[in-house]
Structure formats: structure tokens, C-alpha cells
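J.: Chains as they are written, first to last, in this note's numbering: chain R, 1400 to 1511; chain W, 562 to 669.
Please keep in mind that the hints were generated in silico from the structure rather than gathered at the bench. From a predicted model like this one, the values you see are computed outputs, not experimental measurements. C-beta atoms are modelled at their ideal positions from N, C-alpha and C, and glycine is treated no differently. The reader is advised that the hints may include incorrect statements.
Looking from chain R toward chain W, a few residues come up when the C-beta cut is under 10 angstroms (computed) [said to hold, decoys possible]:
| # | residue |
| --- | --- |
| 1 | Lys-1440 |
| 2 | Phe-1441 |
| 3 | Leu-1442 |
| 4 | Ile-1444 |
| 5 | Ser-1447 |
| 6 | Ile-1454 |
| 7 | Val-1487 |
| 8 | Phe-1489 |
| 9 | Glu-1499 |
| 10 | Arg-1507 |
No farther apart than 27 angstroms at their CA atoms in a straight line, the calculated lysine-lysine pairs in the DSS-like style are these [as the list claims (entries may be wrong)]:
| # | chain 1 | residue 1 | chain 2 | residue 2 |
| --- | --- | --- | --- | --- |
| 11 | R | Lys-1439 | R | Lys-1408 |
| 12 | R | Lys-1466 | R | Lys-1418 |
| 13 | R | Lys-1443 | R | Lys-1466 |
| 14 | R | Lys-1421 | R | Lys-1408 |
| 15 | R | Lys-1443 | W | Lys-614 |
| 16 | R | Lys-1470 | R | Lys-1443 |
| 17 | R | Lys-1440 | R | Lys-1418 |
| 18 | R | Lys-1408 | R | Lys-1466 |
| 19 | R | Lys-1439 | R | Lys-1421 |
| 20 | R | Lys-1443 | W | Lys-615 |
| 21 | W | Lys-629 | R | Lys-1440 |
| 22 | R | Lys-1470 | R | Lys-1418 |
| 23 | R | Lys-1408 | R | Lys-1443 |
| 24 | R | Lys-1418 | R | Lys-1408 |
| 25 | R | Lys-1435 | R | Lys-1421 |
| 26 | R | Lys-1443 | W | Lys-629 |
| 27 | W | Lys-629 | R | Lys-1439 |
| 28 | R | Lys-1435 | W | Lys-629 |
What follows is each chain in one-letter form.
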Amino acid sequence: DTAVSQTPKYLVTQMGNDKSIKCEQNLGHDTMYWYKQDSKKFLKIMFSYNNKELIINETVPNRFSPKSPDKAHLNLHINSLELGDSAVYFCASSQVGNNEQFFGPGTRLTVL
Amino acid sequence: KNEVEQSPQNLTAQEGEFITINCSYSVGISALHWLQQHPGGGIVSLFMLSSGKKKHGRLIATINIQEKHSSLHITASHPRDSAVYICAVGSTGNQFYFGTGTSLTVIP
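Chain W extracted, bound-state conformation (with noise of 0.2 angstroms):
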């Protein structure tokens, strides 16, 4: 079992629709990461977090650290939100754990 869960793994949506995608995960963290994966290969963080939400624009990240849970939601998707969502955790033991990757496709 990984130590960072995602779901769902795929994902299709029309354009405008909410999205969510979460992530579970089992060991004690110093920091939660959510990263996108465009098609063409690049990676970028989008939210690094501990607790509570973050908001950039149209992402929203939230973490509940009793759950041991975070969720990113797009609102108002867009064609060119179409990547792969990652979620990763740096542990308190000074490791890093990547989910298997959510593939999120947006359909005008």
C-alpha cells in the first residue's frame, strides 16, 4: 500500500464543472505538495501546505491534518487545466512520497 493515496485516477470533465481530487495519506507530515504534470512532460508545484486551504486563482487546496486528507479543487475547469495532478508528502522522517497521479482531462 503506497503511503500517498489519490482518487480518483482518471478524470473527465466538461468545461466549467468543479473538480475535485484527493488525496489520503498515512504517515506524518512536515508538508503536503500538490504538483501538475502538463503533457508535455513539465512539473510544477502549485500548492505546498501544512494546514487549513490555499487558494491561487481558480485552485483551492485544503488539508485536514486529523484525517490525514487533503483536496484540490478547480472551480470553473478549463481545457488547459487538463494534466496530471500529483500529490506528494515530505514526512517528519525526512522522506518524500508521491500519489500514483490523478489524469485529469477537460472537454470544451
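Chain R with its partners taken away, still in its complex shape (with noise of 0.2 angstroms):
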């Protein structure tokens, strides 16, 4: 199927530890990105990213980081994990010239 995908769908974990969410899209775009809903379901950029560019909300903390092994993939790595970084985190990808963004699953993240 075409289509984003992301995992683990459900990831817990303890504070201070370091994790991934991986993301993979199928649809020959050329741009991703990574948001994150919070427990109000506010969503909210965290990364745009194609070839050439790296946007970078400035509200997120260094401690997160994506890393783009192909142009079909977008990885997050959060390293030293907070309590407040528990929420559902969205990959999403779109083709340059065309914002519109297909979304994966989502990722559950709960920090304990």
C-alpha cells in the first residue's frame, strides 16, 4: 500500500532514556515532517525536512533530533526523555510545490 508509516505505534519508556520513532513513506515525496499532539490534541510542528532544507521549530528542545538515512525516511531521536514529552507523535510527508501532507498513524509516546 501507498502510504506513511511509522513505528513502534505505542512506545513507553522511562525518563532519561533515549528513543527512536521511525518513519517511512512510499509516496516518492520529496519533503517530511514531524508533529506532535499534545494531550489537549493541539498539534504542532516540530520538523520540516527535505534534501536541502531543515526547518526547525524553534520551541523544541535540542534533545530531539531527526535524522533522514534516504529521502524516504525521517527518523526521531529524543535522547533524555521528560514527562513532558509524552504525546502522540505524527510523520507526515508532502511533494515540494504541493503542501498537501499525508499523515502516518501516529506514534503514542508515554514517558513514565
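With the hints as a guide, bring both chains together as one complex.
T.: Here it is, written out as C-alpha cells:
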């Protein structure tokens, strides 16, 4: 199926740990995004990335870092996890020139 | 104050009613998006528009650039339309801003 996929779907971990969430799209898109949805269901963009440019939301702590091994993948690494990092993280992709976004199913991160 | 404001926050309608959700924004935009988030959590892009009007089935989205306002209309609403509808704008400054969402419940 053509889609944006994320793994894992659920992630439960302890404070202080380092974790990664993987995202893959097979839509041939050249721009990928990471969003955070907090407990109040408010969405906020964290990063947008294509081969040429990484745009970071300045409010994102530098414990969060995107890593793109290739155009189809944008993984999210989180160091020294904190309780406030608990949220649902969505990956999305789009094509340059057409900002219609296709979302992954989300990863629910719970930090204990 | 958010860059994107939606109203109403919550909306309950009877099946068959015509529904309007409003979105106002304060930044210069390259495009405005309407997203739908189902109770299961998945997010689907409904529309992306930068001018005028788009229609897809029973859904219509309009935008007025001068007034910095967009509306999402649902005609002949159905219980399966129950979801959270989110307005989002891609700004000319390469930022992306979301409204807080409108939770719609359509009662049979």
C-alpha cells in the first residue's frame, strides 16, 4: 500500500532514556515532517525536512533530532526523555510545490 | 493569541444538518489546510487551498484571502462525519500553524 508508516505505534519508556521513532513514506514525496500532538489534542509542527533544508520549530528542545538516511525516511531521535515528552507524534510527507500532507498513523509515546 | 483560531470548539448536529466550521488566521499564508482526525486518531488531509473554493463530495471549503478567513461546510451531515476538524496554515515564512480543532458530533 502507498502510505506513510510509523513504528512503533506505542512506546512506553522511562525518564532519561533515549528512543527513536521511525517514519517511512513510499509516496515519492521529497518533504517530510514531524508533528507533536499534546494531551489537549493541539498539533504543533516540530520539523520539516527535504534534501536541501531542515526547518526546525524554534520551540523544539535540542534533545529532539531528525535523521534522514534517505528521501523516504525521516526518523525522530529523542534523548533524555522527560515526562512532558509524552504525546502522540505524527509523521507526514508532501511534495514540493504541493503542500497537501499525508499523515502517518501516529506513535503514542508515554514517558514514566 | 494563536495564529490560527477556529470556531466553534465543539459542535453537535442532527443528521442531515448543514454544518459550518470557521477558521481565521493572522499570518501571511502560502496555503490553508483542512484536516480531519477520526476518534481512532488518524489524520486525513481534506483540502488544501490558497484561493476560492473547493468541493469534494459533501464537503466544501472556501477561503477569503483579504479577510484571512476560511470555512469548511458539510452538507447533509452524517454520523460518520463525527471527528475533529483542524484548520492549519502554511505561512509565507515557512512555518506551519494549527488551530485547536473543532470537535463535531453528528447524532442520528
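J.: Compare the structure with each hint and give your call.
T.: Cross-check of the supplied hints:
no.	hint	verdict
1	Lys-1440	holds (6 angstroms)
2	Phe-1441	holds (6 angstroms)
3	Leu-1442	holds (4 angstroms)
4	Ile-1444	holds (4 angstroms)
5	Ser-1447	holds (7 angstroms)
6	Ile-1454	holds (6 angstroms)
7	Val-1487	holds (7 angstroms)
8	Phe-1489	holds (6 angstroms)
9	Glu-1499	holds (4 angstroms)
10	Arg-1507	holds (8 angstroms)
11	R:Lys-1439 / R:Lys-1408	holds (19 angstroms)
12	R:Lys-1466 / R:Lys-1418	holds (13 angstroms)
13	R:Lys-1443 / R:Lys-1466	holds (19 angstroms)
14	R:Lys-1421 / R:Lys-1408	holds (10 angstroms)
15	R:Lys-1443 / W:Lys-614	holds (26 angstroms)
16	R:Lys-1470 / R:Lys-1443	holds (23 angstroms)
17	R:Lys-1440 / R:Lys-1418	holds (22 angstroms)
18	R:Lys-1408 / R:Lys-1466	holds (19 angstroms)
19	R:Lys-1439 / R:Lys-1421	holds (24 angstroms)
20	R:Lys-1443 / W:Lys-615	holds (25 angstroms)
21	W:Lys-629 / R:Lys-1440	holds (24 angstroms)
22	R:Lys-1470 / R:Lys-1418	holds (21 angstroms)
23	R:Lys-1408 / R:Lys-1443	holds (19 angstroms)
24	R:Lys-1418 / R:Lys-1408	holds (13 angstroms)
25	R:Lys-1435 / R:Lys-1421	holds (14 angstroms)
26	R:Lys-1443 / W:Lys-629	holds (20 angstroms)
27	W:Lys-629 / R:Lys-1439	holds (25 angstroms)
28	R:Lys-1435 / W:Lys-629	holds (25 angstroms)
Going through the hint list in order, the structure satisfies each hint without exception.
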